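The task is simple: from the sequences and hints, build the whole structure.
Protein chains in written order, with numbering that gives the first Met the number 0: chain A, 0 to 248; chain B, 0 to 247.
Note that these hints are calculated values from the structure, not bench results.
Just so it is clear, the structure is predicted and the values come from calculations on it, not from any experiment.
Virtual Cβ for every residue (Gly too), placed ideally from N, Cα, C.
Careful, some of the hints might be misleading.
As the list claims (entries may be wrong) - Pairwise CB distance ranges (calculated):
#1 A:T246 with B:G53: 19 to 29 Å
#2 A:D84 with B:V145: 35 to 45 Å
#3 A:G186 with B:E240: 47 to 57 Å
#4 B:I179 with A:A178: 55 to 65 Å
#5 A:D152 with B:E187: 44 to 54 Å
#6 B:M138 with A:E191: 20 to 30 Å
#7 B:G112 with A:E191: 31 to 41 Å
As the list claims (entries may be wrong) - Far from chain A, by Cβ distances over 12 Å, these chain B residues were calculated:
#8 K4
#9 T57
#10 S148
#11 P165
#12 L182
#13 P196
#14 Y212
#15 V227
#16 V246
Spelled out, the chains give:
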Amino acid sequence: MNVELTLPTRKDEDFRYADIEALGTVWPVPGEEIEVAAGQEDTRQVIELGEGAVARHLDIRLEKGAKLDLRVLTAGPGYGRIAIDVRLGEGADFTLGAAQLATGRETLEIVTKVTHAGLNATSSQIVRTVLAGHATGTYLGCIAVERGADGTDAEQSVRAMLLDRTATANARPELEIYADDVKAAHGCAVGELDQQGLFYLMSRGLPPATAKKLMLQAFIAEAFSGAPGEEALDTAALERLETLVETGL
Amino acid sequence: MTLLKIDNLQACVGDKPILKGLSLTINPGEIHAIMGPNGAGKSTTGYVLGGRPGYTVTGGSVEFMGQDLMELEPHERAALGLFLGFQYPVEIPGVSFVQFLREAANAQRKGRGEEPYSGGEFLKLAKEKAGLLKMDMDMLKRPVNVGFSGGEKKRAEMVQMGILDPKLAILDETDSGLDIDALRICGEGINSIMRAPDKAVLLITHYQRLLDYVKPDFVHVLAGGRIVKSGGPELALELEEQGYEAVA
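Laid out in structure tokens, this is it:
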């Protein structure tokens with residue numbers, strides 16, 4: 000595949016919230032090709048827990064009836080960008096479960112383009128973002144349904160939780176539909192921890208940090224539920240959540 | 000030793016004064032009931048004692064187990080032996096009862112310098128207390144209060160009380176939303192968990208009906224943010240017959 004050599008600017012919609020300076024240190028980003036052959040099933044995990052800058056670009060092709068379960072955890076990088084392009088053939092199925100957890104001045108983003116190119120393909124994206132301090136978390140997600148891709152069933156569930164009012168969440172779900180018989184559901188919400196819930200847990204004896212951690216664990220749980228290696232993902236996420244709760248303002 | 004001593008307590012919700020000089024002393028082994036009309040400050044009393052954010056104490060003092068209660072965070076109050084039964088228990092999706100209660104019980108034990116429960120010990124305890132309230136253990140594996148009926152939520156509150164084993168339980172309208180059977184089960188639960196020489200209960204209620212099962216030693220009428228009348232169990236019956244306006 001072609002590697003884009005020119006560093007993008009923030010005028011480029013897909014890089015609108017990116018930390019371009021940090022991106023420059025890892026640019027160009029080579030595409031990582033993943034192909035799942037007809038009728039096959041595969042699972043992948045992208046786990047970025049290191050510091051510094053990281054940018055990945057997954058270029059995924061699912062042939063007829065192929066299935067891919069992809070889980071993403073970004074928790075640690077100063078700048079972390081995970082771009083995912085998926086092309087689904089007839090009857091293919093794509094699952095994305097992702098969590099991005101940031102604090103300080105970290106900037107994390109997940110940018111997806113899921114293209115339904117054949118009949119009856121299904122896709123589901125669950126993205127949970129938890130932000131403390133002055134962190135920025137972004138999800139840009141486009142679902143494209145091509146002409147003739149009838150029977151498409153595409154879902155996006157995107158939620159962000161702000162632990163401090165100084166953090167920023169961006170979410171831009173997009174649908175481009177050129178077929179007639181399509182089911183596309185998207186939900187998007189940015190919120191804060193439920194204060195009543197927190198008080199309830201604390202009134203039973205949980206210290207505030209533990210109560211918050213428990214609620215955040217529940218908040219991101221859906222992203223990893225049913226994943227192969229779910230426990231390892233949960234453990235890594237929990238460790239980062241502890242830091243977020245403690246480093247918050 | 001006195002368990003709880005509230006002296007001339009004044010508190011606001013936002014800018015609005017709700018409690019205007021509430022005084023009440025509770026000794027171990029006693030069951031007190033606070034009754035009163037809507038808006039008297041009953042729930043506020045519970046929340047202020049529990050330490051809910053948004054409730055500001057503007058005067059007076061509260062001593063619990065010999066400590067200044069108002070200086071403590073909600074979880075520290077719990078560790079000291081205070082339990083607040085909610086009128087409207089909060090739903091917390093994704094967090095299971097057993098998970099959170101074990102963490103809560105162990106956090107309390109840690110605060111008191113005791114050994115934490117092992118997984119097995121805790122499940123045994125939870126099962127015993129759930130049985131007491133005729134609650135299926137499977138319900139405690141579900142997310143906190145999610146999808147529970149009003150009655151189930153109140154019974155789950157009592158199960159939590161049983162597990163956490165407090166010194167003082169403040170039960171805010173535990174009887175609201177209960178059918179006749181659930182009322183009896185909750186009443187019996189309160190008796191078996193909290194009737195002990197070293198424990199006490201403060202029942203906050205509108206009605207006499209819970210007091211048929213949990214017999215109070217003292218009944219207080221709260222109106223306009225302070226206690227305007229105190230008496231024995233007969234006061235609750237009098238209120239039931241004649242209404243707050245006539246009695247208080």
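Against the structure, the hints:
1. A:T246 with B:G53: 19 to 29 Å: 26 Å, holds
2. A:D84 with B:V145: 35 to 45 Å: 37 Å, holds
3. A:G186 with B:E240: 47 to 57 Å: Check passed, 54 Å falls within 47 to 57 Å.
4. B:I179 with A:A178: 55 to 65 Å: Distance hint for I179 of chain B, A178 of chain A holds at roughly 57 Å.
5. A:D152 with B:E187: 44 to 54 Å: Once the Cβ atoms are compared, 51 Å apart, the range 44 to 54 Å for E187 of chain B and D152 of chain A holds.
6. B:M138 with A:E191: 20 to 30 Å: 29 Å, holds
7. B:G112 with A:E191: 31 to 41 Å: 35 Å, holds
8. K4: 21 Å, holds
9. T57: T57 of chain B clear of chain A: closest Cβ-Cβ about 20 Å, beyond 12 Å.
10. S148: 18 Å, holds
11. P165: 10 Å, violated
12. L182: Nearest chain A Cβ is 23 Å from L182 of chain B, so the label holds.
13. P196: For P196 of chain B, whose nearest Cβ neighbour in chain A is about 23 Å away, the distance exceeds 12 Å, so it holds.
14. Y212: Given a closest Cβ separation of 24 Å, the condition holds.
15. V227: About 28 Å separates V227 of chain B from the closest Cβ of chain A, which puts it past 12 Å; holds.
16. V246: 32 Å, holds
Violation of the numbered hints given earlier is confined to hint 11; every other hint is satisfied by the structure.
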